[in-house]
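Given only the sequences and the hints, what does the whole structure look like? Please build it.
Protein sequence lines, in the order shown, are assigned to chains W and A. Read in order, the letters of the first sequence correspond to residues 1 to 276 in the numbering used here. Read in order, the letters of the second sequence correspond to residues 277 to 565 in the numbering used here.
Treat the hints with caution; some may be incorrect.
Claimed, not checked - Quick list of simulated restraints, FRET-style, between CB atoms:
hint, chain 1, residue 1, chain 2, residue 2, range
1, A, Gly329, W, Gly176, 51 to 57 Å
2, W, Leu188, A, Pro459, 31 to 37 Å
3, W, Tyr106, A, Gln423, 47 to 53 Å
4, W, Gly176, A, Ala464, 51 to 57 Å
The hints are simulated quantities; they were obtained by calculation from the structure and are not laboratory data. Quick caveat: nothing in here was measured; it's all calculated off a predicted structure. All residues carry an ideal CB built from backbone N, CA and C; glycine is no exception.
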Amino acid sequence: MTGPRRGPMRLAAYLVLALVAISFFLPFLWLIVASIQPGAALSADISWQFSWENFGEVLNAETIFRPVLNSLIISGGTALITVFAATLAAYPLSRYRSRFGRLFLYGILFSTGLPITAVMVPVYTMYSQFELTDSVPALILFMAASSLPFAIWMMKNFMDSVPVELEEAAWTDGAGWLQSLRRIILPLMVPGLTVVFVFTFVTQWGNFFVPFILLQSPDSQPASVTIYTFFSTYGQVAYGQLAAFAILYTLPVVLLYTAMSRVFGGAFSLTGAVKG
Amino acid sequence: MTTATAPRAARFGAFVPALLLLVVFFAGPLLWAVYSAFTDVALTGSAEVNFIGVDNFTTMWHDAQFWNSLWLTLVFVVGSAVIGQNTLGLLIALLLRGRNAGTRGVVSGLVIAAWTVPEVVAGFCWYSYLHRDGTLNGILGWVGLDQNWLYTTPMLAVILANVWRGTAFSMLVYQAALNDVPPELHEAAAMDGASAWQRLRSVTLPLIRRSIVSNLMLITLQTLAAFGLIYVMTKGGPGTKSSTTPIYMYQESFQFYKLGYGTAMALVLLVIGAIFSLIYVRLIKVDNL
Numbered sequence: 001m002t003g004p005r006r007g008p009m010r011l012a013a014y015l016v017l018a019l020v021a022i023s024f025f026l027p028f029l030w031l032i033v034a035s036i037q038p039g040a041a042l043s044a045d046i047s048w049q050f051s052w053e054n055f056g057e058v059l060n061a062e063t064i065f066r067p068v069l070n071s072l073i074i075s076g077g078t079a080l081i082t083v084f085a086a087t088l089a090a091y092p093l094s095r096y097r098s099r100f101g102r103l104f105l106y107g108i109l110f111s112t113g114l115p116i117t118a119v120m121v122p123v124y125t126m127y128s129q130f131e132l133t134d135s136v137p138a139l140i141l142f143m144a145a146s147s148l149p150f151a152i153w154m155m156k157n158f159m160d161s162v163p164v165e166l167e168e169a170a171w172t173d174g175a176g177w178l179q180s181l182r183r184i185i186l187p188l189m190v191p192g193l194t195v196v197f198v199f200t201f202v203t204q205w206g207n208f209f210v211p212f213i214l215l216q217s218p219d220s221q222p223a224s225v226t227i228y229t230f231f232s233t234y235g236q237v238a239y240g241q242l243a244a245f246a247i248l249y250t251l252p253v254v255l256l257y258t259a260m261s262r263v264f265g266g267a268f269s270l271t272g273a274v275k276g
Numbered sequence: 277m278t279t280a281t282a283p284r285a286a287r288f289g290a291f292v293p294a295l296l297l298l299v300v301f302f303a304g305p306l307l308w309a310v311y312s313a314f315t316d317v318a319l320t321g322s323a324e325v326n327f328i329g330v331d332n333f334t335t336m337w338h339d340a341q342f343w344n345s346l347w348l349t350l351v352f353v354v355g356s357a358v359i360g361q362n363t364l365g366l367l368i369a370l371l372l373r374g375r376n377a378g379t380r381g382v383v384s385g386l387v388i389a390a391w392t393v394p395e396v397v398a399g400f401c402w403y404s405y406l407h408r409d410g411t412l413n414g415i416l417g418w419v420g421l422d423q424n425w426l427y428t429t430p431m432l433a434v435i436l437a438n439v440w441r442g443t444a445f446s447m448l449v450y451q452a453a454l455n456d457v458p459p460e461l462h463e464a465a466a467m468d469g470a471s472a473w474q475r476l477r478s479v480t481l482p483l484i485r486r487s488i489v490s491n492l493m494l495i496t497l498q499t500l501a502a503f504g505l506i507y508v509m510t511k512g513g514p515g516t517k518s519s520t521t522p523i524y525m526y527q528e529s530f531q532f533y534k535l536g537y538g539t540a541m542a543l544v545l546l547v548i549g550a551i552f553s554l555i556y557v558r559l560i561k562v563d564n565l
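In structure tokens, the structure reads:
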């Protein structure tokens, strides 16, 4: 938009960019400062007193370890089931043209747009009818189902890039479709499988509403819900601890995202999302 | 493009796990929603559920608070997604073109950081940022503009928070789209004496039109049912001043135990989402499928 050598325009562009950077940084300021200040309050007043006390306070089974373990089980389980079902479904979608496949793809694409939040009231009524509320496996199955449309869409796009000729050789050797999927396509699709797994994992790690509705007992709730409970119960008094908790809960996601974008390039989670 | 030797098992058997999950846990609740929206099912544990026809929808029609929530949802979607995220994302993508790696790294790094943070944590950050004693008032206090943002302007507060959280998506979409615009076109237009603004309007924007439309559809769909961010920051308050339809639906269903009524509202949200989703599906080229 601006010519590289036009002074005032260039300066204006840098000013706007600096403003953007500062505005995006400021909301983080409190989180960072409060976490390392003992007895921090809401204001990000810097008292120049640093300590790991807040982290120490929250690093116990009750506050952090069990919720994070629950998050690992829920997000990891969801991601595993999603990747498994999506890989299988993506195979015929990528390899054969059929009316059913086409219809299925349209359905998938359509469902990626449906607001999951809105489905939660009927899901809750249905789950309570069949006594499935407060069950972690039932929660995982719903999360997997709601992650599937986008996962299948991504997986199909990744599988399309594996040449079909490689498989034909295997077929002439008498290998069945499951064998050629396992021995030929999957090894070539490790990056794609990783992206779908991590994308699903990260999305569900941050998912608040679904476990908030479907799980009642504190013992099985993931960190996204317990951190909210902590906020509404102790948040007003123990801000430093809340900030420390928030950082510890956020860190895995940020690390995963950074690792993924190093390996697969910046916009990894956009893969296949916008093909308009 | 495909071989005729396709075994039937591969064609249909492979769909079974995904279909089973989608039908039981996704389509099932949707159908259930259609059914229970016409009943008086409640959370109070009374076993009797009556079919009450369109009563829930009649109630909704006369419920001023529902219309208020729909209006606030519209304000939230248009303000934070269509105007905020979309414009800011495009602006950042345009400004970052051709900058050095350091600038690009810092700016897009911060924008993406806001995006990767889980919804609830984003809510905490903004709650504390806009709080009476928070960072923003600390800065604005110098010029006497400090106030209790979460009470005086709750909608603006949640809109700004959602712009902060969601701009990265639009930015990434537009960065990818701008990469595909051939630089020669720009140079040619510049040679002809077109100003930066003219080049943007008559060269760049028409070329990325498709990305703009799909981005608008996608962010609208992502914003329509936002819950956690608003719930953490304002709980829909003060009063009902930031109670968008998802928040109102949650309160009616789980705090006032009117699940049937809540489901009817969910159905309205789903229909709105479905309309946008259909438009989006139509936009994707058919030969891509």
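Status of the hints after comparison with the structure:
1. Separation of glycine 329 of chain A from glycine 176 of chain W is about 53 Å and conforms to the stated range, judged on CB atoms against 51 to 57 Å.
2. Between leucine 188 of chain W and proline 459 of chain A, the C-beta spacing of about 34 Å keeps the proposed range 31 to 37 Å intact.
3. The hinted window of 47 to 53 Å between tyrosine 106 of chain W and glutamine 423 of chain A holds, with their beta carbons roughly 50 Å apart.
4. Checked against the given bound of 51 to 57 Å, the beta carbons of glycine 176 of chain W and alanine 464 of chain A, roughly 56 Å apart, stay inside it.
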